[in-house]
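Chemist: Listed here are the chains, written in short residue letters.
Protein chains: 2
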Amino acid sequence: MRTRFDKQLEQLHVELIKMGSLCEQAITLAAQALDEPEPEVVKKVAAMEGEIDEKEREIENICMRLLLQQQPVARDLRIISAALKMISDLERIGDQAADIADLAPYIVRSSISSKVQIHNMAAATIRMVTLSVDAFVKNDLELAGSVVISDDIVDDLFNKVKGELLELIQKRNADPRAALDILMAAKYFERIGDHAVNVAEWVQYSITGIHQSDEHHLDAEKE
Amino acid sequence: MRTRFDKQLEQLHVELIKMGSLCEQAITLAAQALDEPEPEVVKKVAAMEGEIDEKEREIENICMRLLLQQQPVARDLRIISAALKMISDLERIGDQAADIADLAPYIVRSSISSKVQIHNMAAATIRMVTLSVDAFVKNDLELAGSVVISDDIVDDLFNKVKGELLELIQKRNADPRAALDILMAAKYFERIGDHAVNVAEWVQYSITGIHQSDEHHLDAEKE
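Order-wise, the sequence lines are chains A and B.
Heads up: the first sequence begins at 1 in the UniProt record's numbering, then just goes up one per residue.
Heads up: the second sequence begins at 1 in the UniProt record's numbering, then just goes up one per residue.
Warning: the hint list may mix true and false statements.
To be verified - Here are some chain A residues the structure puts well away from chain B; computed CB gaps all over 10 Å:
(1) K44
(2) G145
(3) I149
To be verified - Okay, derived cross-link-like pairs now, EDC-like style, lysine to aspartate or glutamate, Cα gap no bigger than 16 Å in a straight line:
(4) K171/A / E10/B
(5) K162/A / E10/B
(6) K138/B / E58/B
(7) K171/B / D175/A
None of these hints come from the bench; they were simulated from the model.
Glycine included, C-beta positions come from ideal geometry on N, C-alpha and C.
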């Protein structure tokens with residue numbers, strides 16, 4: 001049974017990596033869409049969101065089978081329950097990338113995306129998503145911690161963007177509609193960062209049995 | 001075993017109702033906070049968010065025990081997996097209520113909350129949350145469907161609020177900073193509506209074995 005568990009766990013890792021890289025691609029395309037007026041890009045992100053949802057369900061099935069067939073306890077149970085939580089964060093990242101892409105056509109018309117630090121937000125969040133999934137697969141507590149810390153960078157960038165937009169509005173240097181839309185896009189990027197942190201915290205939990213927000217998390221007492 | 005399963009399922013229902021009502025209270029307080037300058041309210045919502053997180057973990061434990069001890073299949077398995085998904089949506093609703101409350105102090109200073117339909121958004125989303133949890137407990141497919149449909153109302157209200165804010169900004173009838181903050185608050189309410197829809201869709205799945213977004217959902221093929 002043990003080797004079977006390891007095989008299924010290996011499959012879980014592979015699918016999680018795929019789901020993570022789909023999320024990274026979706027965010028990258030969504031950020032592109034803010035500068036390019038191509039409706040193709042928006043469609044691509046929407047399609048990718050669908051793939052991400054599909055992947056979530058595949059991984060859910062793997063996890064449920066592992067739970068029901070292998071009856072894991074302690075560390076193994078934590079890995080599965082952490083994976084189940086991670087995929088719901090990754091799925092939301094896909095949603096948010098699609099939300100950003102949906103706003104893009106309105107934003108592109110104004111040249112506002114070049115006037116604020118939105119692309120720094122995109123770069124920072126993509127990095128967080130990559131590292132958080134890597135941390136799970138590599139079982140790397142330090143890497144997970146680095147993602148949790150880097151959330152401040154994204155939050156600071158959001159406040160910068162908000163301030164930049166406020167100034168543009170006050171000085172009437174931007175179409176207010178585009179300003180509101182890009183603020184929304186910035187918020188979505190910030191949320192993506194939050195979800196990456198959630199993923200990283202679930203990695204920490206799967207390794208240590210302790211969740212950031214709780215000293216007595218899901219079956220930690222089984223240890 | 002069957003009766004034991006039913007007992008645990010009953011407990012699951014009770015805890016879900018509690019979690020749902022905590023969410024409703026949190027949203028209600030957050031909406032209040034937009035008009036009242038009381039820092040107490042903001043603190044209350046933050047405390048409630050903590051309670052909601054705690055409740056999520058309690059319910060997670062109930063679900064994991066049900067999965068591991070009872071080895072449910074088909075409908076029973078769907079109920080547990082749906083509950084596991086629902087609580088992550090309810091937990092996010094708590095986060096969003098706290099996010100709204102955090103914005104409140106900045107919004108209250110301007111009288112802007114009375115100039116836009118934000119409170120209609122609050123009322124509509126609270127109703128959606130209540131009905132979605134009721135639908136799960138009462139096992140009511142029709143009720144779940146009504147929540148899914150009513151999402152349009154919240155989305156329309158968000159666009160109304162956005163338009164109202166845009167006009168206020170263009171006519172210089174509002175502090176732009178407060179306008180940006182209340183737009184964020186409106187977005188959080190809209191998200192709460194989305195999460196209530198997710199809950200309702202998981203109720204539909206638990207009853208029918210078919211998830212809105214997927215014809216071959218988690219173990220539906222076991223039917």
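Chemist: So, for every hint listed, does it hold in this structure?
Modeler: Results for each hint:
1. Residue placement check: K44/A keeps its beta carbon more than 10 Å from all beta carbons of chain B (closest about 19 Å).
2. No Cβ of chain B approaches the Cβ of G145/A within 10 Å, the least distance being about 21 Å, so the stated non-interface status holds.
3. Under the 10 Å C-beta cut-off, the non-interface status given to I149/A relative to chain B holds; the minimum distance is some 20 Å.
4. For the hint pairing K171/A with E10/B, the CA-to-CA distance comes to about 59 Å; that exceeds 16 Å, so the pair is violated.
5. At most 16 Å may separate the alpha-carbon atoms for a hinted pair to count; K162/A and E10/B exceed this at roughly 47 Å.
6. This hinted pair does not check out: K138/B and E58/B have alpha carbons roughly 21 Å apart, beyond 16 Å.
7. For a cut-off of 16 Å, the pair hint linking K171/B to D175/A stands: about 13 Å separates their Cα positions.
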